[in-house]
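Residue numbers (my numbering), protein chains in the order written: chain V, 184 to 407; chain H, 184 to 407.
No lab work stands behind these hints: they were computed from the structure.
It is possible that part of the hints are untrue.
[What the hints assert, rightly or not] Simulated crosslink set (SDA-like; lysine to any residue; CA at most 20 Å straight-line): (1) V:Lys-339 with H:Ser-250; (2) V:Lys-339 with H:Leu-249; (3) H:Lys-339 with V:Lys-380; (4) V:Lys-380 with V:Ala-365; (5) H:Lys-339 with V:Gly-253; (6) V:Lys-339 with H:Arg-254; (7) H:Lys-380 with H:Lys-402; (8) H:Lys-339 with V:Leu-333; (9) V:Lys-339 with H:Gly-253; (10) V:Lys-221 with V:Leu-294; (11) H:Lys-339 with V:Ser-250.
[Stated by the list, open to error] Here are some of the chain H residues that sit facing chain V, going by a computed Cβ distance under 10 Å: (12) Glu-276; (13) Phe-322; (14) Met-335; (15) Gly-369.
Glycine residues also receive a C-beta, built at the ideal position from the N, C-alpha and C atoms.
There are 2 protein chains.
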Amino acid sequence: MEEAVLRQLFERHFPAWAHMSEDDRAALIRNTAPVSYKKGVCVHGAESECIGILLIRKGMLRTYLLSEEGREVTLFRLREGDLCILSASCVMEAITFDVHVDAEEDTDALLINASFFSQLTERNIYVECSAYKTTVERFSDVMWAMQQILFMSMDKRLAVFLWDELSKTQGNTVRLTHEQIARYIGSAREVVSRMLKYFASEGIVELSRGGIRILDKGKLRGFI
Amino acid sequence: MEEAVLRQLFERHFPAWAHMSEDDRAALIRNTAPVSYKKGVCVHGAESECIGILLIRKGMLRTYLLSEEGREVTLFRLREGDLCILSASCVMEAITFDVHVDAEEDTDALLINASFFSQLTERNIYVECSAYKTTVERFSDVMWAMQQILFMSMDKRLAVFLWDELSKTQGNTVRLTHEQIARYIGSAREVVSRMLKYFASEGIVELSRGGIRILDKGKLRGFI
Chain V
184 MEEAVLRQLF ERHFPAWAHM SEDDRAALIR NTAPVSYKKG VCVHGAESEC IGILLIRKGM
244 LRTYLLSEEG REVTLFRLRE GDLCILSASC VMEAITFDVH VDAEEDTDAL LINASFFSQL
304 TERNIYVECS AYKTTVERFS DVMWAMQQIL FMSMDKRLAV FLWDELSKTQ GNTVRLTHEQ
364 IARYIGSARE VVSRMLKYFA SEGIVELSRG GIRILDKGKL RGFI
Chain H
184 MEEAVLRQLF ERHFPAWAHM SEDDRAALIR NTAPVSYKKG VCVHGAESEC IGILLIRKGM
244 LRTYLLSEEG REVTLFRLRE GDLCILSASC VMEAITFDVH VDAEEDTDAL LINASFFSQL
304 TERNIYVECS AYKTTVERFS DVMWAMQQIL FMSMDKRLAV FLWDELSKTQ GNTVRLTHEQ
364 IARYIGSARE VVSRMLKYFA SEGIVELSRG GIRILDKGKL RGFI
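Isolated chain V (complex conformation):
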């Protein structure tokens, strides 16, 4: 990738760029490599070595917890322009947990290698600060997810999820499988299917192979 393109991307999405010396900028560019992940691929596993910081250029990553029994709970998703810090948790002293990260779509990203990033945070407080600040933003996402999972009844959770998806896509159809939805909202496929059938019987949604079409937004809103 051309250096000018990298510089532009860092300037826009790497918060401490303005506070870095020209030497450190050059070193950052040398220690960054383009990576691509096919949809569904594991980007970072709880037991795998930590790869480094990812700056997403295209696509989407999903961060989740995985239980010993294989149950997944989605924490948050990252999109274009977002930094994935938890894939470098090994070099961040204050992060003592580990998560899984999958490519939710075909994803292109820039990978800053972990040991270089670690050195950079040690010599530049602005880099360290922005890494922790970004992590705290993800903490906020996790707290939101946790409240959904712990406190909301299933109908409300599903309604909130469909509502959020609608506002993202600006259409009437949510193109996800019941399995995918179950993962997003930390539930089981059977539970989601049952609740969707109930929503269909109430005339709120129409279920088809292509996804879930929302027929009555007002009624859906009523569950939230």
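Following the hints, complete the assembly by docking chain H onto the known chain V.
Chain H only, in chain V's frame:
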């Protein structure tokens, strides 16, 4: 409180102290007041104004989520020497959630007022960085709690909790009510009581008014 005492406390427990100017140190001391909370008192509520940063001198604070129906889920506890940052969430841009904080025991603390702290983080990157780093440490605590709540079966959760309490107190007795334990592990009192009765029937614990005496550590360990 004497200035020399305050200086000593900040030097030991306020990570950015070494990176502050003498002027800022003096201002920090002027903007700090001793506070005391009786056991059971609410220190910070989700709807209340945010009070500022607390440096705990004695006692214990409990941070928890509260559902609309009144269900509590404990996230972490803070002890002597710990900084409570989430009680100043309003001045931390990256924190978009809110939690409840109660005094778990009679607690003495130093309160750094929120608006001064906000100004200080703006002009001193080390203060900002340490505040975010401390928040990320709490993120780690929350992730631990979340995995317990989401993935562990009740018997395991209770056994882990009793085991942790034992190792803290160095005795054989956990002096907490079933209600308190339920709060800590994010469950209901009835569920805890039922499981404790089961543990008692297995000869693992002995229940009395004063608390829960562990009779068989080996068996308890077997649940973990």
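Hint numbers contradicted by this structure: 3
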